[in-house]
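Trainee: Each chain, letter by letter, is given below.
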Amino acid sequence: MRIEILEVDKSFKKQRVLEQISLTIDSGRIFCLLGASGSGKTTLLRIMMGAIPTDGGIVTIGGIAVPNRQLLAKMGYMPQNEALYEELSAWENLKFFAGLHRQSRKTFEANAEELLQIVDMAACKNKLVRDCSGGMKKRISLAVALIHKPKLLVLDEPTVGVDPVLRRKIWLYLRQLRNEGTTILVTTHVMDEVTQCDDAALLRNGHIIARDTVKNLIDQTSDGNIEELFFIDNQSEAEVTLC
Amino acid sequence: MLSIVKRIIGQMKNDQRSLGLLLFAPLLVLTLLFFILGDSNYLPKIAVYDMNEKFVTELENHAAVSEETEKPEAVDYLEINGIDALIWSDSEGTHIELLEKNSKSAAAIEAITDTNKALQPAQNEMIMDYVYETSGDNQLDSLAYVFLGVISFFFVFILSGMSFVRERFGQTLERMLMTPISRIDVIGGYTLGYGLLAAVQSVVIILYAVYVLQLQVEGSVALCTLVMILMAFSAVSVGALVSIFANNELQLVQFIPVIIIPQIFFSGLIPIDTIPFGLGNLCYLTPIYYGCTALEMIMIQGKGFLDIWPWLAGSVIFIGVLFLANVTALKKYRRL
Numbered sequence: 001m002r003i004e005i006l007e008v009d010k011s012f013k014k015q016r017v018l019e020q021i022s023l024t025i026d027s028g029r030i031f032c033l034l035g036a037s038g039s040g041k042t043t044l045l046r047i048m049m050g051a052i053p054t055d056g057g058i059v060t061i062g063g064i065a066v067p068n069r070q071l072l073a074k075m076g077y078m079p080q081n082e083a084l085y086e087e088l089s090a091w092e093n094l095k096f097f098a099g100l101h102r103q104s105r106k107t108f109e110a111n112a113e114e115l116l117q118i119v120d121m122a123a124c125k126n127k128l129v130r131d132c133s134g135g136m137k138k139r140i141s142l143a144v145a146l147i148h149k150p151k152l153l154v155l156d157e158p159t160v161g162v163d164p165v166l167r168r169k170i171w172l173y174l175r176q177l178r179n180e181g182t183t184i185l186v187t188t189h190v191m192d193e194v195t196q197c198d199d200a201a202l203l204r205n206g207h208i209i210a211r212d213t214v215k216n217l218i219d220q221t222s223d224g225n226i227e228e229l230f231f232i233d234n235q236s237e238a239e240v241t242l243c
Numbered sequence: 001m002l003s004i005v006k007r008i009i010g011q012m013k014n015d016q017r018s019l020g021l022l023l024f025a026p027l028l029v030l031t032l033l034f035f036i037l038g039d040s041n042y043l044p045k046i047a048v049y050d051m052n053e054k055f056v057t058e059l060e061n062h063a064a065v066s067e068e069t070e071k072p073e074a075v076d077y078l079e080i081n082g083i084d085a086l087i088w089s090d091s092e093g094t095h096i097e098l099l100e101k102n103s104k105s106a107a108a109i110e111a112i113t114d115t116n117k118a119l120q121p122a123q124n125e126m127i128m129d130y131v132y133e134t135s136g137d138n139q140l141d142s143l144a145y146v147f148l149g150v151i152s153f154f155f156v157f158i159l160s161g162m163s164f165v166r167e168r169f170g171q172t173l174e175r176m177l178m179t180p181i182s183r184i185d186v187i188g189g190y191t192l193g194y195g196l197l198a199a200v201q202s203v204v205i206i207l208y209a210v211y212v213l214q215l216q217v218e219g220s221v222a223l224c225t226l227v228m229i230l231m232a233f234s235a236v237s238v239g240a241l242v243s244i245f246a247n248n249e250l251q252l253v254q255f256i257p258v259i260i261i262p263q264i265f266f267s268g269l270i271p272i273d274t275i276p277f278g279l280g281n282l283c284y285l286t287p288i289y290y291g292c293t294a295l296e297m298i299m300i301q302g303k304g305f306l307d308i309w310p311w312l313a314g315s316v317i318f319i320g321v322l323f324l325a326n327v328t329a330l331k332k333y334r335r336l
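Note that the protein sequences, when read in sequence, are chains A and B. Positions 1 to 243 (my numbering) are the ones given, in order, by the first sequence. Positions 1 to 336 (my numbering) are the ones given, in order, by the second sequence.
Any given hint could turn out to be false.
Unchecked claim - Residues from chain A that face chain B, not an exhaustive set, calculated with beta carbons under 8 Å:
hint: 1; residue: M49
hint: 2; residue: P53
hint: 3; residue: G56
hint: 4; residue: G57
hint: 5; residue: R69
hint: 6; residue: L72
hint: 7; residue: A73
hint: 8; residue: Y77
hint: 9; residue: L84
hint: 10; residue: Y85
hint: 11; residue: E92
hint: 12; residue: F96
hint: 13; residue: I218
hint: 14; residue: D219
hint: 15; residue: Q220
Hints were generated in silico from the structure; no laboratory data involved. Bear in mind the structure is a predicted one, so any value in this text is a computation, not a measurement. Note that the Cβ used here is the ideal one computed from N, Cα and C, for glycine as well.
Chain B extracted, bound-state conformation (with noise of 0.2 Å):
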């Protein structure tokens, strides 16, 4: 088993090119999301017309505010001017022109509902509280789990299982069989292997998320670091027993959307429960839900390993079971 260990880092040594995607591609991919993601101090423009001065002036300290001398009939009028909304009364009311749903608009909305708060005062006003709240705007804080996750996932995914299906084509592995060899050594040496170097890759995403692009964490890193690195493993697992069902590498990148993109949707993205016809269910299936669920406990609701276990064994008995089914899964090369 050890053999199958020191050649698989001895491989990665000598091909530093794979080497260097494994640990950089994934902080590369995450810094483009921490710029795109992160706080963008968006200033709306918002467009009145026949609004008392009032509600102007306190609009101007929300937004950029341009105001019209003639109500703007033409459709294409907020495309055109590059307005994010325009407010106009009538008899009818206050009327608030929107261009399309996104978080521009969503900006202009929270300008607006400031103002008016800024104006009346309600008697009985509402405050709003999150038990877990993160960073005001940021929204990569309250999505980085799932991020994180995700991306760790596919990259070790891909690695463990190209290597295996290279393996079976150049016959190394039935060379590798021919050896009085076990086979719970070679799936074992395998997942060690590859392991390692996602474990490597974990340790190397979390130290950059949390102390370069200072992403909030609120309980503690090295449990963060922890239940990456199950993951990892799961996704060496997962790779390899996929790479059974591909018969060449352009098989194994078609698998892709089959087997990760799904999970993207068990990661927490969409809360669980409100998936119809108990497809929800089908997370339990998925290692990154186990993963995600429990990052997303850590990162943002503070909770310690007496919380999470369950989330950490549930994991742990996903790699046994991926294990046993590639240790049967190579009686295929060899009935030993």
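Next comes chain A alone, as it looks inside the complex (with noise of 0.2 Å):
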């Protein structure tokens, strides 16, 4: 699935959010997009899954224009905050978004087992949500983007809350689907997840700062750091904060 993104805007209101932003993501890749807080990302992959309009510009993704819905059903989201229903139990959350998918009682059944075991919630697969702590809740969220086994996936700050060990076996299962032929996006702020993607692309200020493998980018740095990246075009110190 690859995504094109071809000189999107966006305002609210009237503060420009996204300003001609233009970004290929190649099939079968993990992309990260990479930035601070408020500087668009969120925004930007709810433009590409079409779920708020752009004020300009188009996104099309395997070559169909979003919205479209024959893509949301390849499509798995995991939203920033949990996005679960609180009075239901983990599997019953699972089995509400595999019956939107249309997924049959025994393929889901045989996902949402399999799902639970790799986010470590196998245990606890009948605690209701509103019982569990916020690692457990993302974790939670997580299956629910994969219940469907979606072509793309699109995570946004998957891995915020979640302790080292359990964020190792994520990293390691969402590069096992990469090579199975997902195409993963993925936001962070948090820089050392960088390294754990193919490519990187940096928002700042409703613009694309930098676009490249990572490797690439690393090589770029004067030392290897990665929040070196942020700095690379020299304008954080001039950088205005708008409110």
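Assembling the complex is the task here: the two chains are given apart, and the hints tell you how they should meet.
Mentor: Written out as structure tokens, the structure is:
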């Protein structure tokens, strides 16, 4: 699922959030959208999925313009906050979203068992979400995004609040999915997660300031420290915070 | 659509307090109303001064009478002594002094009128008959249709409105719309899911009212239930629609006075053709009007399906229009 974003603009009220964004995300890669909080990462994700309209420009996924319902069937989305039903158990949440994807009961049960193993929630699958900790909710949310085996996975800050052991496990699984042909799009502001990705783009003040393979980006920095990426265009001193 | 229905029922099953409130809170309120408006058999207290013996003796059959030997002059005589009416006569005629217009003074007047009737049977007595009569003093019987309608509408409205607001703020709505589900399925699932819960509530309320509170229903109880269920479905849709204009739970609660209270005015509490400036016509915009009018016709006038179908049709059309409005409003969250 190759994603092409062409000259996309977006403003909320008077504030320009995205300005002339053009970006290509190749199929079968883990792509990382990097940016400080408030830089427009989530807005760009939502535009790509067709949740909100653009002010100008187009987005196509696999050659089909968004929004498109057939595309949504192939996409898995994990929003920044958990977006789960508090009164339902982990299992029931999964079942509900599987139902929206018209998954058969048998497929669902097999998928759900497997996913709950991966996110380490199999033991408490019948626990109500409202009784779960923040990290547990995050893991259930990830499982929900994966329940229909999407071809394109969109994860908005997926590993915030997840402990390092589990984080490693999740990345291992994401890479396995990538090897099976899934395109994965991740946003983050945690720098060390970038090294887990294949490609990355840096978003600042509504502009893409860099886009390359992660390896090349790191090579550009003086000391191999990924945080240096944020100072790559020497603009940050002059940066004005827009509120 | 079925997934949403199942999910809503699952959510309710796991949240037993909400379910309990949905089912039993209306019963509690109805029971309270039953005692407040029910048959009180109040015996009015009447004081007399300088009235003839025959009158006093007869009055004693209708009220608790106390005789004053001196004419009480104090303004607050009635209030202090807890007496509902004072009767005395002078050259002008017979005076009756009452405290204020309320059900107690009405009972006192009724007692006095009955006494007069007994003493001097009129040559040409006026005999009043209501075409649709409910049993004697029980005000609940004649107003029950208003309360049944309003109470069930109110609880369901809050339930569906709140859950929609929460769904938007927890971003589960966005997540749901990021699947291939159609907007019609979302609203349909919602209406059906909460509608089913509301239907259960309606059945519980009506059965309780009829078989426990012994509410008088002239027509068919099944037809009443049908009307209540239709009303509940419209409450779900109104709740969902209003939630779009509410940015948080508080604002939804603030919508209650705007959405619910005006509807109570059109529920039959006030005869609609007495409302000035044609404002009565607003009743056609309120789902409670269709439901309560139909309930009134069944419960008090004993009418059947053939008489009430226009109101049922009104309800159904209302639900249909709201359904389309909600489906369109969802475009705000996904353009497809």
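Trainee: Compare the structure with each hint and give your call.
Mentor: Okay, the hints, checked on the actual structure:
The closest approach between the C-beta of M49(A) and any C-beta of chain B is roughly 6 Å, which is under the 8 Å cut-off, so the hint is satisfied. With a least beta-carbon distance of about 6 Å to chain B, the hint placing P53(A) at the interface is held under the 8 Å criterion. With its C-beta approaching chain B no nearer than about 15 Å, G56(A) sits outside the 8 Å limit, and its interface hint is violated. About 15 Å separates the beta-carbon of G57(A) from the nearest beta-carbon of chain B, more than 8 Å, and the hint is not met.
The beta carbon of R69(A) comes within 5 Å of a beta carbon in chain B, closer than 8 Å, and the hint placing it at the interface holds. The criterion of a C-beta within 8 Å of any C-beta in chain B is met by L72(A), whose closest approach is roughly 5 Å, and the hint holds. Because the beta carbon of A73(A) sits about 4 Å from the nearest beta carbon in chain B, less than 8 Å, this interface hint is met. With 8 Å as the threshold, the beta carbon of Y77(A) comes within range of chain B, its nearest partner Cβ sitting at about 4 Å, so the hint holds.
About 7 Å separates the beta-carbon of L84(A) from the nearest beta-carbon of chain B, less than 8 Å, and the hint is met. Annotation: Y85(A) was flagged as interfacial toward chain B, and the flag holds, the nearest CB pair being 6 Å apart, inside 8 Å. Interface restraint check for E92(A): the shortest CB-CB distance to chain B comes to about 5 Å, inside 8 Å, so the restraint holds. Annotation: interface hint on F96(A) holds; nearest CB of chain B at approximately 4 Å, less than 8 Å.
A hinted interface residue such as I218(A) counts as satisfied when its beta carbon comes closer than 8 Å to some beta carbon of chain B; here the least separation is about 33 Å, so the hint is violated. Residue-level restraint check for D219(A) is violated (minimum Cβ-Cβ distance to chain B is 36 Å; threshold 8 Å). A distance limit of 8 Å between C-beta atoms decides the matter here; for Q220(A) the minimum to chain B is near 35 Å, and the interface restraint is violated.
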